[in-house]
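With the first letter of the sequence shown counted as 1, position 49 gets the number 49 in full-length UniProt numbering; the numbers rise by one all the way through.
Please note: incorrect hints may appear among the correct ones.
Claimed, not checked - Per label pair, the in silico range of CB-to-CB distance:
| hint | residue 1 | residue 2 | range |
| --- | --- | --- | --- |
| 1 | L17 | L46 | 40 to 50 Å |
| 2 | E32 | V95 | 22 to 32 Å |
| 3 | Q53 | T19 | 18 to 28 Å |
| 4 | L46 | R66 | 17 to 27 Å |
| 5 | K37 | N5 | 46 to 56 Å |
| 6 | K24 | A107 | 31 to 41 Å |
| 7 | K44 | E65 | 18 to 28 Å |
| 8 | E108 | T19 | 26 to 36 Å |
| 9 | R41 | S105 | 23 to 33 Å |
| 10 | K37 | V3 | 46 to 56 Å |
Unchecked claim - For lysine-lysine, the following BS3-like pairs were computed, each having C-alpha atoms within a straight-line distance of at most 30 Å:
| hint | residue 1 | residue 2 |
| --- | --- | --- |
| 11 | K103 | K44 |
| 12 | K50 | K70 |
| 13 | K94 | K50 |
| 14 | K110 | K44 |
| 15 | K50 | K24 |
Honestly, the hints are just simulated from the structure, not real lab data. All C-beta atoms, glycine included, are put in the ideal place defined by N, C-alpha and C.
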Amino acid sequence: KNVNNVTAVRTVESNCLHTVKISKKIALIKKEQLKRKKVKRTMKLLDMCKGHQGPVTRDSRDLIERLTEKQLLSEIGYLRATLAPDIRQMRRIKVDGRFNMEKFSCAELKQSIKNYIKAESDLIIDVNALLKQCLSVRE
1 KNVNNVTAVR
11 TVESNCLHTV
21 KISKKIALIK
31 KEQLKRKKVK
41 RTMKLLDMCK
51 GHQGPVTRDS
61 RDLIERLTEK
71 QLLSEIGYLR
81 ATLAPDIRQM
91 RRIKVDGRFN
101 MEKFSCAELK
111 QSIKNYIKAE
121 SDLIIDVNAL
131 LKQCLSVRE
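Kindly generate the complete structure, drawing on both the sequences and the hints.
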């Protein structure tokens, strides 16, 4: 009786461990698939931006004024996919007791891109200034 009980417990234990291993493997595969999907999407957005001499950087800010609405939306999509997940292209408004999504105007889209690029350049300048201060204090 004891031998049968022990073998039954070991079988259940091995089945459980096998299930856990398979679950971990499936989770890892799914994570890799999601990463590949994100990279493909980012590359597609980058290609769309390159079609109009983008993506916009702090050195090419003047390009923003010449972009159409579709190009602005692709720029915002690229920024959201890479560095600015909080940048938006629509707002939620309440109409007749219901909420609807409204697209930003071209001027608002341009301003949000400019604000992000300005914030990015300020951050880089601040980091460089901080490094200079740290190095000068050490000397």
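Hint-by-hint comparison with the structure:
Between L17 and L46 the beta carbon distance is about 44 Å. The supplied range of 40 to 50 Å therefore holds. The hint said 22 to 32 Å for the Cβ distance between E32 and V95, and at roughly 43 Å that hint is violated. A hinted range of 18 to 28 Å for the beta carbons of Q53 and T19 is inconsistent with their spacing of about 53 Å. Separation of L46 from R66 is about 19 Å and conforms to the stated range, judged on CB atoms against 17 to 27 Å.
Distance hint check for K37 and N5: the Cβ-Cβ separation is about 48 Å, which falls inside the suggested range of 46 to 56 Å. Our hint of 31 to 41 Å for K24 and A107 is violated, since their Cβ atoms are close to 50 Å apart. As the Cβ distance of K44 to E65 is approximately 25 Å, the hint placing it in 18 to 28 Å holds. Take E108 and T19: their Cβ atoms lie about 52 Å apart, and the range 26 to 36 Å is violated.
For the hinted restraint 23 to 33 Å between R41 and S105, the CB-CB distance of approximately 26 Å keeps it satisfied. Separated by about 51 Å at the C-beta atoms, K37 and V3 satisfy the suggested range of 46 to 56 Å. Of the supplied pair hints, the one linking K103 and K44 holds, its CA atoms being roughly 22 Å apart against a limit of 30 Å. Proposed proximity of K50 and K70 is supported: the alpha carbons are some 13 Å apart, at most 30 Å.
Pair hint K94 plus K50 does not hold up; C-alpha atoms about 37 Å apart against a cutoff of 30 Å. Between K110 and K44, the direct Cα distance comes to roughly 21 Å. Compliance with the 30 Å bound is thereby established for this hinted pair. Distance restraint check for K50 and K24: the Cα-Cα separation of roughly 39 Å exceeds the 30 Å cut-off, and the hinted pair is therefore not satisfied.
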